[in-house]
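Trainee: The working numbering puts the first residue of the sequence shown at 6, with every later residue one more than the last.
Note that these hints are calculated values from the structure, not bench results. Please note that the accuracy of each hint is not assured.
Here are the simulated distance ranges between beta carbons [stated by the list, open to error]:
no.: 1; residue 1: V6; residue 2: G69; range: 16 to 22 angstroms
no.: 2; residue 1: T37; residue 2: L107; range: 51 to 57 angstroms
no.: 3; residue 1: G84; residue 2: Y176; range: 47 to 53 angstroms
no.: 4; residue 1: Q117; residue 2: V19; range: 50 to 56 angstroms
no.: 5; residue 1: D28; residue 2: T7; range: 33 to 39 angstroms
no.: 6; residue 1: E159; residue 2: D12; range: 43 to 49 angstroms
no.: 7; residue 1: L67; residue 2: T37; range: 31 to 37 angstroms
no.: 8; residue 1: P138; residue 2: Q53; range: 37 to 43 angstroms
no.: 9; residue 1: S103; residue 2: S27; range: 30 to 36 angstroms
no.: 10; residue 1: L60; residue 2: D28; range: 22 to 28 angstroms
no.: 11; residue 1: H54; residue 2: L31; range: 15 to 21 angstroms
no.: 12; residue 1: Y176; residue 2: V115; range: 19 to 25 angstroms
Beta carbons: idealized from backbone N, C-alpha and C, even for Gly.
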Amino acid sequence: VTAGPGDMVLLPCVLPPPSNVSDLSLVNVTWTGSVGSQVASFGRALQQHVQEGFLWDPVAFLRGNFSLTVSEVALAHQGAYVCSFSYNSSRLVTRNVSLNVLAPPTLQVVSQWVVLERESRLECLAEGFFPPPVVFSWTREGVEIQAPHSVDGELAGPDGFYRALGNLTFYPSREDQNASFGCE
C-alpha cells in the first residue's frame, strides 16, 4: 500500500470467516507494526486497544474484515504490518501488509537573476520530499535544456523529509532575455 503524508489509507486484512464465527467475545485480532509494537488489539471480554491515528470497525470482524485505517499518514507509519486473527484461541490466519510513504517535492527557483553573456547560475530548491533522491531537469520556454539528474539531498529537519538544491549554469545570450526558465 502506498500513500502520501496526510492521506487516509486502508491496510487490508480481509479473510473468509469460519462458518462458526458468531461470537465477538471469542475473536482475537492483533495488528503489529514493523518494530513489533502493537498498533491495535481486540480480544477477551471485547476489550480493544487502538493507537491514536488508527481506526477499525469491530462489527466488520464477523464478516472477516479486520482491516485497519491510518487516519493521517506520516513517515513514522511507513513499514511492515502484521494482522493476526484467531477464534476461540485457535490461530487461523496471519496477513502481512507494507505501507510505503511517498512525498513529492515542492519546487522553487530561489535564484532568479542572471547577467547577460556572463556565467550565471539558477538554483532550484526541492523541499519536503521522501524518499530520496529527487530528480531535477531544467526547461527554457517549456523545452527541456538540461537532462534529468538525481540529487540525494539532505534531511531537512526532524520530520524525516528531505531537501536538495539543483543548479543550471549557463551563459545567457540576447535570445534568453525575457525567456522563462523552470525546474521540474
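Trainee: Each hint needs a verdict: does it hold in this structure or not?
Mentor: Taking the hints in turn, this is what the structure says about them:
| no. | hint | verdict |
| --- | --- | --- |
| 1 | V6 - G69: 16 to 22 angstroms | holds, 19 angstroms |
| 2 | T37 - L107: 51 to 57 angstroms | violated, 23 angstroms |
| 3 | G84 - Y176: 47 to 53 angstroms | holds, 48 angstroms |
| 4 | Q117 - V19: 50 to 56 angstroms | holds, 52 angstroms |
| 5 | D28 - T7: 33 to 39 angstroms | holds, 37 angstroms |
| 6 | E159 - D12: 43 to 49 angstroms | violated, 25 angstroms |
| 7 | L67 - T37: 31 to 37 angstroms | violated, 23 angstroms |
| 8 | P138 - Q53: 37 to 43 angstroms | holds, 42 angstroms |
| 9 | S103 - S27: 30 to 36 angstroms | holds, 32 angstroms |
| 10 | L60 - D28: 22 to 28 angstroms | holds, 23 angstroms |
| 11 | H54 - L31: 15 to 21 angstroms | holds, 18 angstroms |
| 12 | Y176 - V115: 19 to 25 angstroms | holds, 20 angstroms |
Of the numbered hints listed earlier, those contradicted by the structure are 2, 6, 7.
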